[in-house]
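If you're matching them up, the sequences are chains U and Z in order.
Under my numbering, think of the first position of the first sequence as 1, with each following residue one higher.
Under my numbering, think of the first position of the second sequence as 1001, with each following residue one higher.
In short, the hints are calculated from the structure, not lab data.
These numbers come from a predicted model, not from an experiment.
All C-beta atoms in this analysis are idealised placements derived from N, C-alpha and C, irrespective of residue type, glycine included.
A few of these clues could be false.
[Unchecked claim] Among chain Z residues calculated to face chain U with C-beta under 7 Å, some are:
#1 1012
#2 1097
#3 1159
#4 1162
#5 1207
#6 1209
#7 1222
#8 1225
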Amino acid sequence: MPQYTQYQPKAYRPRMSAYWYLDQWRYLRYALREASSFFVAYFCVLTLVQLAALGTSATRYAQFEACMGSPVMIIINAIALAFFLLHAITWFNLVPRVAMRQMLGRPTPDAISSGPNYLLWFGATVILALFFLGVL
Amino acid sequence: MSDTIILEVARFNPERGGEPSYESFEVPLRPDWMVLDGLNHIKDQLDGSLTFRWSCRMGICGSCGMMINGVPTLTCESLLINYAPGPVRVGPLDHFPVVKDLVVDLDDFLAKLQKVRPWVVRKDDFKPPREFMQSPAQLEAFHQFSLCINCTLCYAACPVSGLDPNFLGPAAIALAHRYNLDSRDQGVEDRLDIVSQHEGIWDCTVVGECSVVCPKNVDPSLAIQQLKLTATKEWFKSFLLPRGKH
Ligand code: SF4
Ligand code: FES
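Put together the whole structure using the sequences plus the hints.
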């Protein structure tokens, strides 16, 4: 004879692991994008330090340059640059999602929304490159 | 290629409680079988106690969503052969309470859906003479967001939904946006009040996976970002013209 008990549902409530972003590449990619903000802040601080050194004295600036030329700083800055590029590209690509969806009554192509950012970026890079190469 | 494939299916018995476990079943690997057909084979031939939802078998009713190898997917639209040689892991949708085996509790989702007033709201007593005329352009404005089948795959893909149970979530917000964009509707202000709360659009951190898994290309992430833009514009308007109607 089967024993019947009154049905008392006990739903299973899953809890997310604190390391959920390591579970799958698509979430890790998102976490890396968010973490890239840290490196943007790092470059801002670095630029301020550079300007402060420049404004203090030539010796101070030479010290700053020597520090930046050390292998450790080159590795750190290379990693920071990679994250910086990831930050810029991922956020530029998100621009169409918050830009106007209609222009002259037609859907705005994504390239029209994100394109100007890339153009400005490219333009600024060219001007800086010309400046450092001594052309300007 | 083998003519069978192993399905590892999540089992959970609410009367026993505990953690769900996975049970393996060997099912025929037919070129025209979907994962749902494999599950139905288990239910019909191997273990009648396996519990899961399905209805239309054609990607319309939205009831057969499950995690297939960790990705929220409609099982009636996923060819089993694409997962060969297997094994294929089938679990209940992430971030929802599990009622039994592959069935999740959708009460919370349905309450959230209700909250955003997903219907045409009129504040006047305008009665159109026949039907309410809409131009193709007016229809186009919201059409994409009206394709949602409430499959909740987007909730299962969204880590914010898992971390903050109060988050309104992608589909509910996309539906709010759908009615906001409808030329017949006058409920925008009410809905903006609801979706602009912290548990609404501002909880979204643009992971974007909701739009990746959506089987109907609703693009809920786009709806959320567009609503952020609208809410910000409205906030600025109310800030600059505090007494003006906005
Ligand atoms: S927005 Fe897409 S994924 Fe989300 S419930 Fe609707 S159809 Fe499903
Ligand atoms: S059974 Fe209806 S959507 Fe899959």
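Checklist entry - Hint numbers the structure violates, sorted upward? => result none
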